[in-house]
Each structure stands twice: as C-alpha cells, then as structure tokens.
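Undergrad: Residue numbers for the sequence shown follow the working numbering, beginning at 15 and rising by one.
The set of hints was computed from the structure by calculation and includes no laboratory data. Check before you lean on any hint, since a few could be wrong.
Listed next, the in silico DSS-like pairs over lysine-lysine satisfying Cα-Cα at most 30 Å (straight line) [stated by the list, open to error]:
(1) 273 - 201
(2) 273 - 288
(3) 96 - 201
(4) 296 - 245
(5) 245 - 48
(6) 375 - 296
(7) 375 - 288
(8) 273 - 245
(9) 226 - 323
(10) 48 - 226
(11) 161 - 48
(12) 99 - 48
(13) 96 - 165
(14) 99 - 165
(15) 48 - 273
(16) 375 - 201
(17) 99 - 161
(18) 368 - 226
(19) 368 - 288
(20) 245 - 375
(21) 165 - 226
Simulated restraints on C-beta separations [unchecked claim]:
(22) 191 - 286: 28 to 36 Å
(23) 288 - 199: 22 to 30 Å
(24) 164 - 367: 48 to 56 Å
(25) 180 - 357: 49 to 57 Å
(26) 235 - 388: 32 to 40 Å
(27) 388 - 367: 48 to 56 Å
(28) 20 - 289: 55 to 63 Å
(29) 387 - 165: 15 to 23 Å
(30) 346 - 247: 27 to 35 Å
(31) 230 - 286: 36 to 44 Å
Note that the structure is predicted; figures quoted are calculated from it, not measured. Glycine included, C-beta positions come from ideal geometry on N, C-alpha and C.
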Amino acid sequence: MHSQRPDIFLINFRNERDLYPPFGIMYVADALLKAGFGVRLFHDTEMYLEEFMREVERARPLFVGFSTITGPELRPVIAASKRVKALGVPVVWGSVHATIMPEECLREPYVDYVVVNEGEQTAVELAHLLAGSAPHAPEHVLGLAYKPDGKPTLNPERPFIRNLDDFRPRWDLIAVERYLIESGPYKRALPVYISRGCPFRCGFCYNEVVMKRTWRQHSDEFVVAQVRWLKDQYRIDAVDYADDYLFGRIRPMQRLVEKVGMPWSGQVRCQLLKPEFVQWMKQTGCQWVNIGAESGSQAVLDSMHKDQKAWQVEWSVRNLAEHAPHIEANLSFIIGLPAETHADALVTIRLIEKLSDINPKARCSVCVYMPYPGTPLWPEALAKGFLPPSSQDGWCDFDLDRGNTPWMNDGEAQVMSAINDILFVGRSRAHWLLAPYYALLRWRWHHMRFKHFWEGRFKAWLGSGPLRHLRAWLIRRLVRYNTQTHKGPAEIPA
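With the hints as constraints, model all of the structure from the sequences given.
TA: Printed below as a string of structure tokens:
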C-alpha cells in the first residue's frame, strides 16, 4: 500500500430493515486494495451521516464512492454528496440506481463521476486517474461516466468480469457479527454472495438493464474455501445465499450446496419446486426459500414476461407443505403493474389468503410496482401516464409503500405495505393496543377498500416524534454498525 496516498471512502447507506452485508463495496474494496490503495468502508443508516462527514473532513479521501439504490436510501446519499463536494473531494456514484440513469445523475452539480455496472476494475482506473498515476485519459476508462466541461459523457461499457474469483468480498473491512441472522434453529447464519445476475427476463426487474440477463458464479473451490473460513473465524452455522438467483445452473448449484455442506436458504423459482427437488432441499438442510410469485393473474404474469404459470405458485407451496413442512416459503407479490386490472389484483389477494391456509410456513409480502428506466415495462409505464422525476431528489420519494404511479394512490400502497405486518411478519399476536388497527387492516385487505387510510397516519404519528427519537437513540447506543477500517492484509482464502 502506498502510504502517501489518501484513503478511498466507500459508503452504502442502508435502511433500518437491511440486514445484508454491503457486498458491492466489499468487492470494490478488494480491487482497490490489490491496486495499492487504502480503503475504508461505511455501512449505516442516515443517522450516521454527521459522524461520516467528520471522518471525511478529517481524512480528505482521494474520493468518496456512494452505492446508490432508488428510493429513500438515496436521500442521505444526496445530502452527503453535496457536503463532500463542498469540501473539494470528488464524488463518485455507483451501483444499481446510478447504472440505470448515469446521465441524469451527472446532471446534478454534486456528482463528478458514475461507475456503470460492475465497479471493481473501473474504480481502480479512476483511482489512478485521481491520484495522478494513470497511463491514460478519462475517456479511455471503460464503464466510466463523467462530465468534461459540465456535459455528461458516457464511455463505452466495460465487459463483465469473466472470472469472479479474481475478486473477493473483504469481510475484514466490516463488523461481521452485525450481519449474523437466525435461520430456522440456527442462530449464526450469515448471508454470502456466490453468483451475479439472473438469466430470466422479468419486465419490472433491474437485472434486465444492469446484468443483461447474464448469470455467472464463483468457482466451487472459491465458495467452499470462503464458507469454511467464515465458519472458522465467526462460528457461522448456516448460510443464506443472498444472490439474485441461486440456481442459474441447476445441477451444478445443487452439487455446490452439497459441497458446502451447511444448512442454507436462497432464492428459488416456483417451477423448480417439484417433489423430488423439495426432497433434495430437505436432505441438504434448507431452512427457507424466497420465491418471486409476483401475481395470481396469468395475464399479469404474461405482461411482465415472468415465464411462469399462475397455478405453479399454489402447486409449489403445496409441495413444500407436503414434502418439507419445516421449510419456510417467503413469497413476494407486486401490485400496481401497468397491465393489472382491479380483477387481477383481487385474484392475487385471494391467492395470498389461500396460500396461508395451504401452508402454515408460507409468508407472503406485497410491494408496489416501481418503474425503472430501461426495463421492459418502462415504455408501458410511460404510455400509461407515468412521469419520471426531473431530478435525483424526486427519485427519493419512490418506495414500496408509496403510490409510485398515477394509477396507484398512496392510500392503497400504504395498506399494501402495512398488511405485510400480518402476512409476512407472521400471524403473530400484536400488542392489544394495536388489535383494532390490525382488524381494520384485514377488513381493508379483504374488501379492497383503500381510501382514507387515517388509521395508518395515526399509527405513523405514534411512531414519530419523541418515541422515534428514543428508538433511534437506543439503536445507535446498542447496535453499532460498521466503523471498522482496513488494518492490513487479512488471512482470507484467495
């Protein structure tokens, strides 16, 4: 490492529900460290902003790289970017949001560069440019977007990394203990990331734009060595494969799960859940699966290019209940797609109610459609009257509990979000004070009455003000997220 160079700061602002390690910046950090740069990682909520800015003012890093995602998490990114820029430190945006709309991001005065798609190699070449040690000019850096003379300019895209084993997530730069989760009876499960992309063509998904329907995986040897190291270092007893889609190649990934030999969870398509596959899942220690069910309407599934039959959702949940009743099925649905009618939405709601009766381990969640530029459904959203925000501040208002389109009102979206407390958090007993609230929610859900969601505003008010600040203070005092920095090479398998 070249000690005369200032460190590079990489930050991922998370929301309070995000329990996953910041894999994107963990991989980019590895590339920068191998190139001789010092790196510090930061991963915390908006409440950490002031502390982060004090570190920036003290260290004056070579640049600050922000991982971006559309929605409320973009708000602290914008606030921090403005302040970092005011200090004269270059501001770099990357990850999904910036990749989808690099030119729009660069139109903001507080963004200097955008790293498009995978950032490992592009970040290294940009770091050399800013450090004055690059052999070439900015226009030759593939995957870089910048603005000479204030005009957004996009360089040609960088080809995807062919060998994922060239880079590894830097577990030594984060507080790993903070990301341990429960998985069935296992108390020290850890999310791991072993592949990139998804081969399917779901019309609402960013993968169609960012990963171009490609799917690549780390080698078996890499994955097994990483999991063994994590088991030795942190005593993990299960793994959560946090990939966008785990079974991009079915039989090879089955063999890899067997080689790892630990209880596991991951993303599975419902078509895969035949009785024999479910039996294999049970035998290999699967604890829960995530299933993108999306809709109970075949017309809606076809409109989003899901390549899935509506009956397969119920069929897969029945197979799990019959052959592996201990496996929890987490099914996600989307309401408010451009082609969806009132009747389609009702079919989805009735399916969700039915799934809960079929399988006690079925946990359903509902989110509201969010249009993403470049996705197959984007033209349909525009044709139906959706107007994209004119600035990055406007994209902050996009959320899964907001009416993000003209045909979905906020009241309906808020009920859909609130009903997840019942559908997903589980049919657990709520505090007696909230019993009337949940009873009214169930009535709204069953009868599809979403106007004048006054009880939701009342509940939000109860959680605001002094109570919210007390909760935030307790979180900050009792749950300290990563402030670790790189202190030298860690003995992690290559």
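Undergrad: Could one say that the CB atoms of residue 20 and residue 289 fall in the range 55 to 63 Å?
TA: holds, 58 Å
Undergrad: Does the alpha-carbon distance linking residue 368 and residue 226 stay inside the 30 Å limit?
TA: violated, 35 Å
Undergrad: Would the pair residue 375 and residue 201 pass a check requiring their Cα atoms to be no farther apart than 30 Å?
TA: The given pair, whose Cα atoms are some 19 Å apart, holds under the 30 Å limit.
Undergrad: Within 30 Å, alpha carbon to alpha carbon, are residue 245 and residue 48?
TA: Roughly 25 Å separates the two Cα atoms, so the pair holds.
Undergrad: Please work out if residue 226 and residue 323 have their alpha carbons no farther apart than 30 Å.
TA: holds, 23 Å
Undergrad: Do the alpha carbons of residue 96 and residue 165 lie within 30 Å of each other, as the hint requires?
TA: Roughly 19 Å separates the two Cα atoms, so the pair holds.
Undergrad: With the threshold set at 30 Å, check whether the alpha-carbon distance from residue 161 to residue 48 stays at or below it.
TA: holds, 28 Å
Undergrad: Decide if the proposed pair is consistent with the structure: residue 99 and residue 48, CA atoms, cutoff 30 Å inclusive.
TA: Since the Cα atoms of residue 99 and residue 48 sit roughly 27 Å apart, the hinted pair holds (cutoff 30 Å).
Undergrad: Checking one constraint from the list: CA of residue 273 to CA of residue 245, max 30 Å. Satisfied?
TA: holds, 14 Å
Undergrad: Given the proposed pairing of residue 99 with residue 161, does the C-alpha separation stay at or below 30 Å?
TA: Given that 30 Å is the threshold and the Cα spacing comes to 15 Å, the pair holds.
Undergrad: In this structure, is the beta-carbon distance linking residue 346 and residue 247 contained in 27 to 35 Å?
TA: holds, 32 Å
Undergrad: Need the status of pair residue 96, residue 201: alpha-carbon distance at most 30 Å?
TA: violated, 41 Å
Violation of the numbered hints given earlier is confined to hints 3, 18, 27, 31; the remaining hints are satisfied by the structure.
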